[in-house]
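Enquirer: Protein chains in written order, with this note's numbering: chain A, 1 to 244; chain B, 1 to 248.
Treat the hints with care, since some could be wrong.
Which chain B residues stay away from chain A? Per the calculated CB distances, all over 12 Å, these [claimed, not checked]:
| id | residue |
| --- | --- |
| 1 | Glu6 |
| 2 | Pro72 |
| 3 | Asp167 |
| 4 | Gln176 |
Which bits of chain B does chain A cover? Going by a derived footprint, with three or more residues having C-beta under 8 Å, they are [what the hints assert, rightly or not]:
| id | region |
| --- | --- |
| 5 | 40-52 |
| 6 | 99-108 |
| 7 | 178-192 |
None of these hints come from the bench; they were simulated from the model. Keep in mind it's a predicted model, so treat the numbers as computed, not measured. We put the beta carbon where it would ideally sit given N, CA and C, even for glycine.
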Amino acid sequence: MSRILAIFQRELAGYFNTPIAYVFLVIFVMLSGLFTFYVGNLYERGAADLQPFFIYLPWLFLILVPAISMRLWSEERRSGTIELLMTLPVTVWQAVIGKWLAGVAFVAVALAGTLPLWATVNYLGSPDNGVIAVSYLGALALGGVFLAIGSCMSALTSNQVVAFVLAVAAGFVFVTSGTPIVLNAVRAIAPEAVVSGIAALSMLTQYDGLTRGLIELPAVVWTVSMTAFWLLATVVAVDLRKAG
Amino acid sequence: MAALLELNNLVKRFQAFTAVNGISLQVQAGEVLGFLGPNGAGKSTTMKMAAGFLAPDEGSARICGVDVVAQPDLARQHLGYLPEGAPAYGEMSVAAFLKFCARMRGLTGSAGSEAIDKAVRRTELGGVLDQPIETMSKGFKRRVGLAQAILHEPKVLILDEPTDGLDPNQKHHVRQLILDMSPDRAIVISTHILEEVDAVCSRAVIIDQGAIVADGTADSLRKLGPGKSPTLEQAFRHITSAPADKVA
Chain A
1 MSRILAIFQR ELAGYFNTPI AYVFLVIFVM LSGLFTFYVG NLYERGAADL
51 QPFFIYLPWL FLILVPAISM RLWSEERRSG TIELLMTLPV TVWQAVIGKW
101 LAGVAFVAVA LAGTLPLWAT VNYLGSPDNG VIAVSYLGAL ALGGVFLAIG
151 SCMSALTSNQ VVAFVLAVAA GFVFVTSGTP IVLNAVRAIA PEAVVSGIAA
201 LSMLTQYDGL TRGLIELPAV VWTVSMTAFW LLATVVAVDL RKAG
Chain B
1 MAALLELNNL VKRFQAFTAV NGISLQVQAG EVLGFLGPNG AGKSTTMKMA
51 AGFLAPDEGS ARICGVDVVA QPDLARQHLG YLPEGAPAYG EMSVAAFLKF
101 CARMRGLTGS AGSEAIDKAV RRTELGGVLD QPIETMSKGF KRRVGLAQAI
151 LHEPKVLILD EPTDGLDPNQ KHHVRQLILD MSPDRAIVIS THILEEVDAV
201 CSRAVIIDQG AIVADGTADS LRKLGPGKSP TLEQAFRHIT SAPADKVA
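Bound conformation, chain A alone (with noise of 0.2 Å):
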């Protein structure tokens, strides 16, 4: 445990020893607000709630989350650290866990950066705090299971671009299998079993509820095994490609 708590702690203060996690902070923050009041209309629709914040997060996650798991792996590999980190008294395991733990702070960093938008809508209206509490909670898990596939394609290269190109196109697949244009193309030529098998793989349906306060067992469950399956994933990329 002590072991796994010192690599979060020195990947977390690698990302606040670059000027990059700054400015991701920065464009996150930004861009966050920019959806919520511009493309969500947060004043036009005349609701006191984060929906149009937390609507477009996944999107957001989609392309800014890689850039938070690209460097977890990539580059241990490219300085050749991965020989000194791996042969410390440490499982795989235990870093890949320490790792993408540190990739969950940033991103709660990220998201607390977005605060403000809650004591926004606090101020204009009486927002249901509950639903948001759940939503910032499911945010955050949802960046939990972008973390895992980010850094199982971090995993695969020593090329911090290829990882990042990588874990987007990987995202992509998940956040929109659920989306009804994937859905429609399938259902014109496979079973309907085949097409709620793929929308429950997508992010998008499983992240829906959660938006809306609920926190349904499907969902939960989801997000679980996904972590889980990619971060195992990992563990099994980091050992197969030691040498390469």
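With chain A fixed as given, assemble chain B onto it according to the hints.
Expert: Relative to the frame of chain A, chain B by itself:
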């Protein structure tokens, strides 16, 4: 007494290429083994397997009697390893990096600070503790790598080119450090610098194309060279020259 480091018939293949082809050796406490060979002979690959970073395709490596693949956690507690090129987290300061390594080895609190102080003194890093590692010269980076390798007073030290990039004074200092640490430890150093063998090694192994071609003291290796009183370099070139040269 059992050897502190035992390599048994290690084999490593990368696709069709066999990088290491059946290397076996034992290193006892008090021995400093020089691991020599031309570039691409399999030195680093062998060391990576001995350190448990790469899993061998065949054979096994044991540190203090513990198999590095079967019980990696336990084996690594007895191992100090300086990987090729002395990689370190560049954005960290020397102090933060060593503290991280100490924590990973379970050295926290006063035990951690004592271990770090001692390693810093031995590697003479006292003046640069707050400097980010990426801003340091090659020689300093190498010493940072050495410091993390000796933090926990390991029984087995595997050092891949510990003196590469050091100036003559630093080389002398590192060799002295290795000699000071050698009495109750097994130390393996890989090197291109043949004078290192006379300076620090009690024994040397020469490998070529993934296999051991000579094993002995510096003097016994010299005798393998051509002519009446060959130098170590002549012997090295004679033993490891390409097959075409040997025919000629």
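Enquirer: All the hints need checking, so say for each whether the structure fits it.
Expert: Hint check results:
The beta carbon of B:Glu6 sits about 18 Å from the closest Cβ of chain A, which is more than 12 Å, so the claim that it is off the interface holds. Remark: the non-interface label on B:Pro72 conflicts with the geometry, its nearest Cβ contact in chain A lying 8 Å away (cut-off 12 Å). Against chain A, the non-interface label of B:Asp167 holds: every CB pair exceeds 12 Å, the least being about 23 Å. The beta carbon of B:Gln176 sits about 24 Å from the closest Cβ of chain A, which is more than 12 Å, so the claim that it is off the interface holds.
Only when three residues or more bring their CB closer than 8 Å to a CB of chain A does the claim for the region 40-52 of chain B stand; here the count is 3, and the claim holds. Look at the region 99-108 of chain B against chain A: 7 of its residues bring a Cβ nearer than 8 Å to a Cβ of that chain, three or more, so the hint holds. Against chain A, the region 178-192 of chain B contributes 0 residues with a C-beta closer than 8 Å to a partner C-beta. That does not satisfy the three-residue criterion, and the hint is violated.
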